[in-house]
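Asker: Sequence:
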Amino acid sequence: MKTKLPSFDGKFYPKDTIELESKLKKLFNETPHKYTNTTRAVIVPHSGYIYSGHVCANTYQYFNKNLDNIFIFAPAHYIDFKGIALSSSDSFSTPLGKIFINKEINTVIEKIFNLKIFDAAFEKEHALEVQLPFIQTLLPNAKIIPIVYNNCLPEKLQEIIQTFWLNKEYGTCGFVISSDLSHFYPRNEAEKIDEYTARMIESKNTKNFHPAQACGSKGIIALTEFAKEHKFSLIRVQLTNSAERTKDDASVIGYGGWFLAEE
157 MKTKLPSFDG
167 KFYPKDTIEL
177 ESKLKKLFNE
187 TPHKYTNTTR
197 AVIVPHSGYI
207 YSGHVCANTY
217 QYFNKNLDNI
227 FIFAPAHYID
237 FKGIALSSSD
247 SFSTPLGKIF
257 INKEINTVIE
267 KIFNLKIFDA
277 AFEKEHALEV
287 QLPFIQTLLP
297 NAKIIPIVYN
307 NCLPEKLQEI
317 IQTFWLNKEY
327 GTCGFVISSD
337 LSHFYPRNEA
347 EKIDEYTARM
357 IESKNTKNFH
367 PAQACGSKGI
377 IALTEFAKEH
387 KFSLIRVQLT
397 NSAERTKDDA
407 SVIGYGGWFL
417 AEE
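Note that my numbering gives residue 305 to position 149 of the sequence shown, counting from 1, and the numbers run on in steps of one.
It should be emphasised that the hints constitute simulated quantities derived from the structure, not laboratory data. Small disclaimer: the values here were computed from a predicted structure and weren't measured. Fair warning: there could be bad hints in the mix.
Below 20 angstroms or equal to it, Euclidean Cα-Cα: the simulated DMTMM-like pairs (lysine to aspartate or glutamate) are [said to hold, decoys possible]:
#1 Lys158 x Glu260
#2 Lys158 x Glu186
#3 Lys348 x Asp404
#4 Lys348 x Glu358
#5 Lys221 x Glu418
Here are the simulated distance ranges between beta carbons [to be verified]:
#6 Lys171 x Ile268: 36 to 46 angstroms
#7 Ser389 x Asp172: 32 to 42 angstroms
#8 Glu279 x Ile174: 26 to 36 angstroms
#9 Glu266 x His233: 19 to 29 angstroms
#10 Ile268 x Ile174: 41 to 51 angstroms
Glycine is no exception: its CB is placed at the ideal position from the N, C-alpha and C atoms.
Work out the full structure: start from the sequences and follow the hints.
Answerer: Rendered as structure tokens:
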């Protein structure tokens, strides 16, 4: 059994198991519950838990608790390649233990979408890793299909969503679109950009979506186009930025959380 070890424990989230469990419990306990919906797809940020963990918890709380598999679409930050990468690992580990990959689905999408195993893309990728403890906490029995992408067409990601949203042969699948929003603008400017981005997402009008608006733009476009095709809605849970925690308005990172509502 091949296990991908964590790279960002002690950096983006606590390394100690008890401390991490306590942090996650606190984050979930402090989330306001504004909606009665449950969802199979979310857009969530991927910064350190002290900055954006509350947005993740606030959004993840709407996840359907009966999901069998979770696809995680994460943009590459540390390695340059073209396309969509899959992992050869059997599991990923965090301080909460192992979370297993659905190897059957991994093999299926490798073949039907002509994807490649490229472990280097997963070696150090916080956009994917920070999502795992949230999934382990809410869906301890779910398996994951981790995907890291770079320089790919959003249509390819949309095809994956479309295929496994409808096909229940492998169980019910959910989707995590990992993305922060604008980067390193002054707070007042960032808030305008991020509000514009939020309205594009919510109106499902991402045709002119620019990568500078969100590092996970391809994943966001894939989900919004899928939602448009099925007449689903994207519901804003929270829109904020790092200045809320750092009190530094000079250079901020934007964070937003949305869930997909079936109509």
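Asker: The structure should be examined with respect to each hint, and the outcome stated for every one.
Answerer: Hint check results:
1. Pair hint lysine 158 plus glutamate 260 holds up; C-alpha atoms about 15 angstroms apart against a cutoff of 20 angstroms.
2. Restraint check for lysine 158 and glutamate 186: the C-alpha separation of about 36 angstroms exceeds 20 angstroms, so the hint is violated.
3. Of the pairs offered as hints, the one joining lysine 348 and aspartate 404 holds, with about 17 angstroms between alpha carbons and a cut-off of 20 angstroms not exceeded.
4. Of the supplied pair hints, the one linking lysine 348 and glutamate 358 holds, its CA atoms being roughly 15 angstroms apart against a limit of 20 angstroms.
5. A C-alpha spacing of about 16 angstroms is found between lysine 221 and glutamate 418, which places the hinted pair at or below 20 angstroms, so the restraint holds.
6. In this structure the hint that lysine 171 and isoleucine 268 lie 36 to 46 angstroms apart at CB holds, the actual value being about 38 angstroms.
7. Taking the beta carbon of each, serine 389 and aspartate 172 are about 39 angstroms apart, inside 32 to 42 angstroms as hinted.
8. As the Cβ distance of glutamate 279 to isoleucine 174 is approximately 27 angstroms, the hint placing it in 26 to 36 angstroms holds.
9. At roughly 23 angstroms, the beta carbons of glutamate 266 and histidine 233 sit within the given window of 19 to 29 angstroms.
10. A beta carbon spacing of about 42 angstroms between isoleucine 268 and isoleucine 174 agrees with the range 41 to 51 angstroms that was offered as a hint.
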